[in-house]
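In order, the protein sequences belong to chains A and B.
Residue numbers for the first sequence follow the UniProt record's numbering, beginning at 1 and rising by one.
Residue numbers for the second sequence follow the UniProt record's numbering, beginning at 1 and rising by one.
Since the hints were derived computationally from the structure, they do not count as laboratory data.
None of these values were measured; they are calculated from a predicted model.
Note that beta-carbon positions come from the ideal geometry of N, C-alpha and C, so glycine has one too.
Among the clues, some could well be false.
Distance condition first, Cα-Cα at most 25 Å in a straight line; then the derived DSS-like pairs of lysine-lysine [claimed, not checked]:
(1) B/Lys-207 x B/Lys-148
(2) A/Lys-215 x B/Lys-139
(3) B/Lys-160 x B/Lys-137
(4) A/Lys-209 x B/Lys-207
(5) A/Lys-209 x B/Lys-160
(6) B/Lys-216 x A/Lys-215
(7) B/Lys-121 x A/Lys-215
(8) A/Lys-209 x B/Lys-83
(9) B/Lys-148 x A/Lys-215
(10) B/Lys-164 x A/Lys-215
(11) A/Lys-310 x B/Lys-83
(12) B/Lys-140 x A/Lys-215
(13) B/Lys-115 x A/Lys-215
(14) B/Lys-83 x B/Lys-132
(15) B/Lys-115 x B/Lys-164
(16) B/Lys-140 x B/Lys-115
(17) B/Lys-137 x B/Lys-164
(18) B/Lys-217 x A/Lys-209
(19) A/Lys-215 x B/Lys-160
(20) B/Lys-139 x B/Lys-98
(21) A/Lys-310 x B/Lys-164
Each pair of labels, with its calculated beta carbon distance range [said to hold, decoys possible]:
(22) B/Ser-61 x A/Ser-193: 24 to 34 Å
(23) B/Ser-61 x A/Pro-195: 21 to 31 Å
(24) A/Pro-140 x B/Glu-158: 54 to 64 Å
(25) A/Pro-140 x B/Ser-85: 32 to 42 Å
(26) A/Lys-209 x B/Ser-61: 22 to 32 Å
Here is how the chains run, residue by residue.
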Amino acid sequence: MPRGNQKEYSVQQMITEKRLKKKNHFNFEKLIPGLLLLTAVLSVLTTIGIVFTLIFETFIFFDRVSIIEFFTNKKWYPFSATDASFGIMPLVVGTLKVTGIAAVVAVPIGLATAIYLSEYASEKARRIIKPILEVLAGIPTIVYGFFALTFVTPILKQLIPSLETFNALSPGIVVGIMITPMVASLSEDAMSSVPRSIREGAFALGATKLETTIKVILPAAVSGITASVVLALSRAIGETMIVSVAGGSTPNASFDVTSSIQTMTAYIVQVSTGDAGYQTTIYYSIYAVGMTLFLFTLFMNLFAQFITRKFKEEY
Amino acid sequence: MNVTLLRSQSEQDEKTQMTHMEKEFVYKTTDLNLWYGSTHALKNVNLDLYENEVTAIIGPSGCGKSTYIKTLNRMIEMVPGVKTSGEIQYRGRNILDKSYGVEDLRTQVGMVFQKPNPFPKSIYENIAYGPKIHGIKNKKVLDEIVEKSLRGAAIWDEVKDRLKENAYGLSGGQQQRLCIARCLAIEPDVILMDEPTSALDPISTLKVEELIQELKKDFSIIIVTHNMQQAARISDRTAFFLSGEVVEYRDTTTIFSNPTDKRTEDYISGRFG
Chain A
1 MPRGNQKEYS VQQMITEKRL KKKNHFNFEK LIPGLLLLTA VLSVLTTIGI VFTLIFETFI
61 FFDRVSIIEF FTNKKWYPFS ATDASFGIMP LVVGTLKVTG IAAVVAVPIG LATAIYLSEY
121 ASEKARRIIK PILEVLAGIP TIVYGFFALT FVTPILKQLI PSLETFNALS PGIVVGIMIT
181 PMVASLSEDA MSSVPRSIRE GAFALGATKL ETTIKVILPA AVSGITASVV LALSRAIGET
241 MIVSVAGGST PNASFDVTSS IQTMTAYIVQ VSTGDAGYQT TIYYSIYAVG MTLFLFTLFM
301 NLFAQFITRK FKEEY
Chain B
1 MNVTLLRSQS EQDEKTQMTH MEKEFVYKTT DLNLWYGSTH ALKNVNLDLY ENEVTAIIGP
61 SGCGKSTYIK TLNRMIEMVP GVKTSGEIQY RGRNILDKSY GVEDLRTQVG MVFQKPNPFP
121 KSIYENIAYG PKIHGIKNKK VLDEIVEKSL RGAAIWDEVK DRLKENAYGL SGGQQQRLCI
181 ARCLAIEPDV ILMDEPTSAL DPISTLKVEE LIQELKKDFS IIIVTHNMQQ AARISDRTAF
241 FLSGEVVEYR DTTTIFSNPT DKRTEDYISG RFG
């Protein structure tokens, strides 16, 4: 640049001018941390508020129904006018049946998908399959519910004639399908983040792809994989629409998967959409059930965090 | 184990006899060309590598030296779009022939990488991994292999009390010697080293260099290095690569004291690269 140009403008001069202007203005930069803190506090406060409501109403419920009965009684007949009983066991069993079946479906398929995507798929295949998985994760659960009721249940009925129209098997399978992308996607992330150099180390010893995957990559990614499974299962526990549509509304403490069930979530839906009077025992019971559900998912999430920390691999 | 010990013993005898006669080739490279897509990375490479020697491959960045060494155990196949022509004979068989099982080749030809890459497992498991995937399950035998390999890589005394600890707790230099031990555990014939000391401090580098001197009694070693002094210190023969071609290949003393090619002279005297 010709020397003469310097007189027309200087970058330093422009910067100085701008800085002087800024100094006269109100310093917005200083406000930023406060604003950000406010939003953070807001979400924390909301959560605390929800938990408090839950706890508060749950206490009212336990004033009317003993906590021991709630956890030990094996009968859940809240609507009986003469002989109402509130034993949460049938609802818990309903939830566990659906979650268990979902795990049986989602863990192997999700893991196999993750292994394929991370270790075997070509760049092109990965580019096509991963977005499809993500779309699958975005389907509204009510759609899955109808899929279970009108598509999966009739097929299962062909195979198992004794299957009831509402049952645990069909929603269980469909919840499994719903959480498979989550298991696949999070496990794939965990496996892909194992450095390439570690794979090379195994290949250089004459290990095949399968030996490398099973004996090096999976153990190295175990914390991420476990976390993905636990998170997916805690979603399955909280899943509502699929089980409401296809699971039925018959609380049932047996481990038979062919008969109608009711899960904790489905019960809450039933009461909230029905005409249980405000401040009746039934009304308060949904808070107690909600609290139980909350504890379930809370412990699952804590467990996932524990696993992630405990088996955290350094590389 | 006894059988392998015996076999390696008799191989050893053969090897010592052979040094008295003429040295055997481990690798014979004939008209090797390699392309990454449309980039011609190796051009008509002809190179014969000798048994029980340290062969150094030197040259500036991008000259093809790493590409070449990765071709020797076909690690290069992991790069998409690689094409080769020509022949590389390892112990008389063309390894570029697709019928040559790549796992078979890599159990004979070990590799040590630029950055130490131990598995995120215990020190013990790092060494036992190779023998295990090749079917050795006996705990006692594995214990012996682990000790022997760690001793072989001159790291046994430093780690013998912490075999169950994670390998990532070791220093960089120790990790690299662990990776060498991991390689020794399957008793390979050749060890390829791709700039094994470039991520290490001078003292760790010295230890690895001493180790290489020790290892060449039992193994044939091919080492890529950026460091010409290192090549001069540790190798018996040196190949100088430039732009994908072998410019000069002769015994190390000669190439450093009396290079034939002007380009070799320029490079080793530090005029470029």
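Verification of the supplied hints:
Simply put, B/Lys-207 and B/Lys-148 have alpha-carbon atoms about 18 Å apart, close enough for the 25 Å limit, and the pair holds. At most 25 Å may separate the alpha-carbon atoms for a hinted pair to count; A/Lys-215 and B/Lys-139 meet this at roughly 17 Å. Taken as a hint, the B/Lys-160 and B/Lys-137 pair is honoured in the structure, with Cα atoms around 21 Å apart against an allowance of 25 Å. For a cut-off of 25 Å, the pair hint linking A/Lys-209 to B/Lys-207 is broken: about 33 Å separates their Cα positions.
This hinted pair does not check out: A/Lys-209 and B/Lys-160 have alpha carbons roughly 31 Å apart, beyond 25 Å. With a C-alpha separation of about 31 Å, the suggested pairing of B/Lys-216 with A/Lys-215 is violated against the 25 Å cut-off. Annotation: proposed proximity of B/Lys-121 to A/Lys-215 holds, straight-line Cα distance about 10 Å (limit 25 Å). Taking the CA atoms of A/Lys-209 and B/Lys-83, the gap is about 21 Å. The hint holds against a cut of 25 Å.
For the proposed pair B/Lys-148 and A/Lys-215, the alpha carbon gap of about 23 Å is at most 25 Å, so the pair holds. Between B/Lys-164 and A/Lys-215 the alpha-carbon distance is near 17 Å, which keeps this suggested pair within the 25 Å criterion. Taking the CA atoms of A/Lys-310 and B/Lys-83, the gap is about 44 Å. The hint is violated against a cut of 25 Å. Under the criterion of a C-alpha separation no larger than 25 Å, the hint pairing B/Lys-140 with A/Lys-215 is consistent with the structure, at around 21 Å.
Taking the CA atoms of B/Lys-115 and A/Lys-215, the gap is about 21 Å. The hint holds against a cut of 25 Å. A C-alpha spacing of about 33 Å is found between B/Lys-83 and B/Lys-132, which places the hinted pair above 25 Å, so the restraint is violated. Restraint check for B/Lys-115 and B/Lys-164: the C-alpha separation of about 22 Å stays at or below 25 Å, so the hint holds. For a cut-off of 25 Å, the pair hint linking B/Lys-140 to B/Lys-115 is broken: about 31 Å separates their Cα positions.
For a cut-off of 25 Å, the pair hint linking B/Lys-137 to B/Lys-164 stands: about 18 Å separates their Cα positions. Of the pairs offered as hints, the one joining B/Lys-217 and A/Lys-209 is violated, with about 32 Å between alpha carbons and a cut-off of 25 Å exceeded. Our distance criterion of 25 Å between C-alpha atoms is met by A/Lys-215 and B/Lys-160, whose separation comes to about 24 Å. Distance hint between B/Lys-139 and B/Lys-98 is unfulfilled; the C-alpha atoms sit about 35 Å from each other, more than 25 Å.
For a cut-off of 25 Å, the pair hint linking A/Lys-310 to B/Lys-164 stands: about 17 Å separates their Cα positions. Between B/Ser-61 and A/Ser-193 the beta carbons are some 28 Å apart, a value that agrees with the proposed interval 24 to 34 Å. Under the hint 21 to 31 Å, the C-beta atoms of B/Ser-61 and A/Pro-195, about 22 Å apart, fit the expected range. The supplied range of 54 to 64 Å is met by A/Pro-140 and B/Glu-158, whose beta-carbon atoms lie about 59 Å from each other.
Hint check: A/Pro-140 to B/Ser-85, Cβ distance near 56 Å, so the stated range 32 to 42 Å is violated. Judged by the Cβ atoms, the range 22 to 32 Å given for A/Lys-209 and B/Ser-61 holds: they are separated by roughly 31 Å.
When each numbered hint is compared with the structure, violations occur for hints 4, 5, 6, 11, 14, 16, 18, 20 and 25.
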